[in-house]
Amino acid sequence: MSSKAQKIVVKPVNVALGFAAGALAGMVFKQVWKLVSGEDDAPDAGDEDRGWGEILAAAAVQGAIFSVVRAAAQRGSSVGVRKLTGEWPD
31 MSSKAQKIVV KPVNVALGFA AGALAGMVFK QVWKLVSGED DAPDAGDEDR GWGEILAAAA
91 VQGAIFSVVR AAAQRGSSVG VRKLTGEWPD
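Here the sequence shown stands for residues 31 to 120, numbered as in the working numbering.
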């Protein structure tokens with residue numbers, strides 16, 4: 031498969047995987063936060079009743095989960111393209 035054709039095929043798949051990874055990461059974060067804090071909802075930066083530590087901890091955990099899930103989806107997509115085409119995507 032030519033590089034141009036590969037990009038045309040891979041781009042929509044990567045966009046769809048990105049949305050799915052974001053949704054999955056959101057669900058994982060909600061469960062992790064519930065397990066760690068015992069609360070259903072994570073603090074929002076604008077929540078007046080929450081302290082700095084809790085808000086920043088929630089943001090750090092959420093960021094880590096989103097990054098790991100996104101990296102796994104991107105890596106899996108690249109491996110899948112190589113298996114299908116024999117070439118690593120650009």
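Please note that the accuracy of each hint is not assured.
As a list, the in silico DSSO-like pairs of lysine-lysine whose alpha-carbon atoms are at most 27 Å apart [claimed, not checked]:
1) LYS113 - LYS37
2) LYS34 - LYS113
3) LYS41 - LYS113
Treat the hints as calculated values from the structure; they're not laboratory data.
A quick look at each hint next to the structure:
1. LYS113 - LYS37: 15 Å, holds
2. LYS34 - LYS113: 18 Å, holds
3. LYS41 - LYS113: 17 Å, holds
In terms of the numbered hints stated before, the structure departs from none.
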